[in-house]
Structures are given as C-alpha cells and as structure tokens.
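Since chain F is already given, all that's left is putting chain A on it; use the hints.
Chains as they are written, first to last, in my numbering: chain F, 1255 to 1518; chain A, 1255 to 1518.
All the given hints hold, so there is nothing to weed out.
With beta-carbon atoms standing in for the labels, derived distance ranges:
1. A:Pro1386 - F:Ala1486: 41 to 47 Å
2. A:Glu1456 - F:Ile1381: 22 to 28 Å
3. A:Gly1309 - F:Tyr1351: 52 to 58 Å
4. A:Gln1274 - F:Arg1307: 17 to 23 Å
5. A:Ala1472 - F:Tyr1351: 50 to 56 Å
Sample of chain A residues lacking proximity to chain F, with all beta carbon distances greater than 12 Å (derived):
6. Leu1362
7. Leu1392
8. Pro1411
For the record, the hints were derived by calculation from the structure and aren't laboratory data. All residues carry an ideal CB built from backbone N, CA and C; glycine is no exception.
Residues per chain are reported as follows:
2 protein chains.
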Amino acid sequence: MCQILDKIIMTEISKIEAQQLVVEPFHVDFTGRLTYGILGNHLLNVAGVHAARRGFGMGLLHSRHYAWVLSRLTIEMEEMPREGIPFTVQTWVEDVYRLFTNRNFSVLGADGHAYGYARSIWAMIDIDNRKPVDLTALYGDDIARYFTQQPCPIPKPSHIKPLEAAATPAATFPVRYGDIDINEHVNSIRYIEHILDLFPLERYARQRVKRFEIAYVAEARYGDELVCYVDASEDPVFTVEVRSRSAQPGAEEATACRAKIFFE
Amino acid sequence: MCQILDKIIMTEISKIEAQQLVVEPFHVDFTGRLTYGILGNHLLNVAGVHAARRGFGMGLLHSRHYAWVLSRLTIEMEEMPREGIPFTVQTWVEDVYRLFTNRNFSVLGADGHAYGYARSIWAMIDIDNRKPVDLTALYGDDIARYFTQQPCPIPKPSHIKPLEAAATPAATFPVRYGDIDINEHVNSIRYIEHILDLFPLERYARQRVKRFEIAYVAEARYGDELVCYVDASEDPVFTVEVRSRSAQPGAEEATACRAKIFFE
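Bound-form chain F, shown alone:
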C-alpha cells in the first residue's frame, strides 16, 4: 500500500539528481575550459549521490558485499564551460538489464541550455568472488521506479576495437600513489587524465575534444606499469589502449581499458 502510494506521488523530478557546480580555477586546462577529467569526476560523484539517496548507493552495498563497477563512460560536449561559469550536472537511470544498468547525464548552463551529455554503463559485482550480480533479481522494481526517459541526445558508445600490439607504446606510466583508489585499483578518472596526456599541447591549442569514450576492461594495481598504445590512423579520431604490465619478470600485458577520443 505504502509502495503504491510512493509510486503515485513520485514525480519525474525525484528520478533525477542534480548538482549545481561552478568551474573552479584549478579545474580548467590551459585553454581556460573545464577538463574532461574533472567533469568525469563530477559525473561519477553525482551518480553516487543519486544512488545513495535512492537506496542503492555504494555505502549500503558495501555492507552487503556488493559494489557498482563502472564499465563504460561516454561524454560528448558541444562546448566545455569556462572558468567561473556555474553549471548543473543531472543524472538519471535509463534502464536496468540483468547484468548492467544505463545511467545518463546532462551538463546544463544556468539558462538551461545543454553544454553536453554523457552515458555510462555499470555492472554490480559480489566483492567476495568478483562475479557479476543479477540486477533484476536483486533490485527489480526498486530501481525500475526511478527509470526516466529524459532525453540524452548523444550516440551510444561505439565499439572500440582492440589494437594490434604496436611496435612502440606512446607512453608508459608507472602506477603511483595518486593513481590508487580506496579499492587499491587505478581510479577510473586517472585513466582519462593519462589518456588525454598522450596528446601534445599543440593539438589542444587548435582542436578540442568533442567526445570521449572509455571502456574499462580490467583493474590495474600499484606496482603495475600502464603501457599506452595509440592508433592515429583515423586522425582526428584516436583509439587508445592502456595495458597494465605487472613488475614481475616476463609478465604479460593485460588490457586495462580502451578509449576513443574525437577531436574536432
């Protein structure tokens, strides 16, 4: 009875979490615009708040030995807001399948116009055995009641093709203290930052990143090296593969993530 009542009084508003932000001085790159890394951080943060306030957040899950794992993140921006500009990040759940859920985002200016949108795909794992959890069995209607068909007018993530082993990596980053999150893995945002650091400043001076797609494949840990390969054959669209290589002698490289960067 109480649940039915809840459903009746639930408005579209309550399905969407919104956070008002401002572009801080240290959140911009040398062009004076918000960076993809910081924006990614804002998106994931608002996602966490949305989930926590609706009863499926990380804190509650952790006590039940489940955790959300970010599988894909796609951000496409018509324009990146400049330093000092106030903006709002909105997030909502588009739908839930057995093994993953789609969460979308909009990045809006003070006048309501869209700077851009983002799409993300999440799975849930059992922390003890690292295996995926059946979301429909676990949540069913609990998440479904938050579905909303708020528009997210950017293409779904494309297939990012695995790269052939290239002769020379574009760069190698040893995993350091600042890369590691509370789960002792390289944090999702750091990959975005490392990948954007593969491109020379000159490119950012004459082009901007219109769209950034990343697919997370396997966790890298402290002690690993991140070996980055770049396919520039479709310039100004670049495919990047980051492989982690453990410090053990003879260790093979394992794909940590793949990304596709659309300059224009």
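Chain A only, in chain F's frame:
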C-alpha cells in the same frame, strides 16, 4: 563617508570567507582520506573567492595587468577527513607587507573542531614585466580592513634548504597537457601531486603526511621535464627539490619548487 560607514559595520565574519565542502569519492586516496592535492585545490579556490568578493580577485587584477602569484603553501593536518565527511574551509588575510601578503586557512569539521590549518604567502606581479608590485602602495587600507587575527596555530613555513645536485633523480616527469594551467605554466597543485607520487604506497600504508610545505621558485612550462630530487636523510621528514629542464640540448636545470614533507 560611505567608506567610513563600511568600516564601522564590518564584522569579523565578513573578513573570513567560508566554503562548505564534502569529501567526494574520487577525492580520497587508497586509505579513504582526502588527498593533499585536492585539499590544496580547495584552499586556493576559497582564497580566490575571498579575494574576488572583496575587490582584489584575479579577474579584476587581470584587467589591470596584475596577478597574484602563490609563493608558499604550508598545510598541517591533525587528521584528514574521510570520504563522505562534510567540512568547511575558512580563509582570511593575516597581514600585508610591501611585497607579499599572508593568507591563512582552517579546515573545520561539522562540529567546529579543526582538522588542520594552512598558511600561504602571495606576491603580486605586473603581468607585462613579471616584476613584483608594491602591495602597500597599490592597496593600502583596502586589504588592511580585512585583516583578522583569527588563530592559525601551526608553525610558519620553515627554511627549505636547496639540495646539492644528487647523483640520481628519484623520478622525472615530462610536463604534459594536464599539468598546464591557463597561464601556460605547470599548475601549483600538480607539483604537490607529483611530489607525493615520489613516495611508495607502503609508506602511506603505515604513515600519514602530517605537514606539507612547498615553496614555489620559478615557473616550468610545457616541453620541460620535471626532475625530482629527494633528501631522505631526516626520514620521516623529506626534502624534495623539483627542477625543470627544458628540452633544448645542453639546457641547465632550474629549481621550480622545493618541498618538505613530514610523515608520522
């Protein structure tokens, strides 16, 4: 007349800028506590808001061809707040001398207890000739009316001795896209992150950084390499010197910054 009235109605409150924050999931290190880099970012951001709201912010200055330059930053924390914890950063001006001004900070919990404090020293330069500006001549009473003797019970910055040229740098970082700020220099916060990345994860697992001091000496630019030297002779206190080396053949190293890190 209006100025006199302003002075009379000015309370201690209006001399202090405060910002309420929360420790976000991606703002913590693997121990689950706020990082020094992110905290430094918060401090500088609130400093900017304090200055802008009182008529001596970067935006206004830039139009007059002046800019604030951070010369020293010292942060000392009894404890770093954990993920999810709300906290407040306060900042105020302690005093102004001819060539520099002291700005202090407190980091307070929701119950008002202090997580820690920070001290910073700023100079102002003329953007055209990069020379320091006489602050007392430029501002005089305009800044002085905001002085407040709010307590900041941490020691003033110590002398950080220049390091002898060490045989081997602890690490070398090429300056990349993400390091560069809107002035096309390596941003102040990135030095803090690079310096903390010099220490192995094992140290952070058994010790914490109680105090972090940094003195900025000269700007590094894109194309430079940051060569980091560490003096570990006073372990658990470390002195770090970051020198920038331009890509030109035969280029000498120039000190970019020096830091002192107090583990406990």
